Amino acid sequence: MSKNENSSKLNRRDFFKIGGITAAVGAGALTTFPQKTAAKELDKRLVDKIVTTHDDFPVEVRSDYVPPRNWDHVQARSFFVNEIRAIGETVEDDIVADGQAFVQKMNFAYDNDKIGYNQADKALLAGAWAMNNYAAGPSPAAVPNFGVNSWEQRTDKVQFALFDNDYVVKEKYQFESKQEAANQIKRAAKLFGADLVGITRRDKRWDYSKFLNPVSPLFRKPLLAPPSKEQMEELHNWGPDKFVNDWSDFPFEPKTVIVLAFNMDYEGISTSPSFVGSAAAGAGYSEMAKVPYQLAVYLKNLGFNAVSAGNDMGLSVPYAIAAGLGEASRLGQAVTYKYGPRVRLAKVYTDFDFVEYDKPKSFGVMDFCKNCMRCADACPTKAISFDKEPSFEPTHDNKDNAWYNVKGVKKYHVDAKKCFKLWGELGDDCGICMASCPYNKPDFWHHRLVDSITAAMPGPVHDLMREMDILFGYGNVEDKESIKKFYSPEGKSYDGH
Amino acid sequence: MIFTGIEILFFSLGVITTLATGLIYYYNQKLKFNISTWISICIGVFLFIFGIAWSFSSILEGEPRAASMGLIVFVIPSLILLLLSRKLALKKAASK
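Heads up: the protein sequence lines correspond to chains X and L, in order.
Sequence positions in the first sequence follow my numbering and run 0 to 496.
Sequence positions in the second sequence follow my numbering and run 754 to 849.
Calculated from the structure, these hints are not laboratory results.
Check the hints yourself; a few may be wrong.
Once the Cα atoms are required to be at most 20 Å apart in a straight line, the calculated EDC-like pairs of lysine to aspartate or glutamate come out as [to be verified]:
id, chain 1, residue 1, chain 2, residue 2
1, X, 409, X, 366
2, X, 406, X, 202
3, X, 203, X, 350
4, X, 417, X, 93
5, X, 409, X, 59
6, X, 39, L, 760
7, X, 479, L, 814
8, X, 358, X, 179
9, X, 484, L, 814
10, X, 369, X, 59
11, X, 337, L, 814
12, X, 491, L, 814
13, X, 483, L, 814
14, X, 369, X, 466
15, X, 491, L, 760
16, X, 203, X, 252
17, X, 169, X, 151
18, X, 228, X, 151
19, X, 369, X, 462
20, X, 491, X, 480
If we take Cβ atoms under 10 Å as the criterion, some of the chain X residues that face chain L in the derived model are [unchecked claim]:
id, residue
21, 266
22, 442
23, 443
24, 444
25, 445
26, 446
27, 484
28, 487
29, 489
30, 490
31, 492
Label pairs and their in silico Cβ distance ranges [to be verified]:
id, chain 1, residue 1, chain 2, residue 2, range
32, X, 40, L, 792, 24 to 30 Å
33, X, 396, L, 795, 53 to 59 Å
34, L, 818, X, 220, 47 to 53 Å
35, L, 817, X, 448, 17 to 23 Å
36, L, 817, X, 159, 56 to 62 Å
37, X, 109, L, 759, 34 to 40 Å
38, L, 817, X, 218, 48 to 54 Å
39, X, 488, L, 846, 52 to 58 Å
40, L, 844, X, 467, 30 to 36 Å
This one's a predicted model, so the numbers in the text were calculated from it and none came from an experiment.
Glycine included, every Cβ here is placed at the ideal spot set by N, Cα and C.
Construct the complete structure from the given sequences, taking the supplied hints into account.
See the structure below:
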């Protein structure tokens, strides 16, 4: 009998013993601490190490910063040319031409020989945008007080409506604690369809200082009753002197802004630029028309004033940063921890303030942006800055006449004029920068892991990560195969089986 | 659909991990690994399992190129390390 045979038998038995004991101890530990599993604890510790929480707004703002008006951007000065001129503001011919080309192509044109721009793609785009167009109208161009985003704060039900809860109830609901209020509001937002939600204090720096709304009040909402004599008179007297409002016209003093983010379809955005990519954005805009309105009605039924907003009312990106949803980036959009820049943002303004506010968080995006520049490389019109460091003033070619850039905030300034030129050429809202961003990934564990490792690493590793991202085939743009992939039933279960 | 790909992936990873642990235990009893063998084998097994997880996940998310790159970047080095471990372990056993 050799020594080896004896030890082999003993070892095997020992092996099963060790395995059995380990399994029993593991199972026991899991049942004893069901809320504190190893994975949960590990995840929390890692996230705490990677995510930095800030007490103040994490981007430098100069003292001479002035909040913009809602027409200080290229879309407004292109889509509302006559109205802008009527209030005595200037318009630029090239921007007007780009806007007209964009509207013409997006609304009326398709080409059955062009992949991503045929009639079926156009139909997809139309369906995706439909809810926004019907319910929130010009909100994407930052025009407030329209449709579901009405400023109206009724205190009674509409007389002729069978069901109507869109009014501020008399009794104010008392939450037991601020945390309970935050938990319930966020849960409600999730139920209605938000993917991310954060709550922050209203900050006048991020609100538009004045609002252009050329639509007559009678046509801002579906008529629930025949127009009254006063409404007809208002329509008759409607004119440029009434196009501009400011905060003195707003029905209450907002104290809190609830910021909502909606994840856009990964495969859809990957097709950018195309009508399919634009449809992915449009589906996000339709969510922006629906969910904030539902949350506003929820707050009204808690007894508080509330107004929902998409792109209107204020700047969504700084509000999203303040509410802890994301970080600033080179491409000018908020980059979220879970979905990267592939989100649409919306807001609800309310006077409810008995709530636990979120704090801004950062997780290394701006550091990564310093070295990456994939969006800047991918942008066909080079509208995105190649500067290493962010700056308070725009540095692009049109910097001397960059009335559309917010100055005094330390960030990367995008040349919106160049960006909009491409919109006019394509007839859709591009999205190449978003599709090319290394933070734009499907929601899978390995991307969260890589993002976390990247956040903990210094600059030279970021260069490597950027190159690896390209090698691994992520962030390809203008890839016609992506359209086929979007429509392919492969990997999708339509009947749920 | 009862099991989606991700459940099958993590079940398979559990099986591979268990097998790897068992094999390491068995061969350590037989060949008595030294420190360099241990380092090489541990990194090799970790990279192999990570590579399989990466590539499978990339296929599930519809990124076949990322899956192929996962095999090249993680799995091939892991196989090289495992072969090196084998060589180191056998060399030590032969030198006794």
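Broken hints, by number: none
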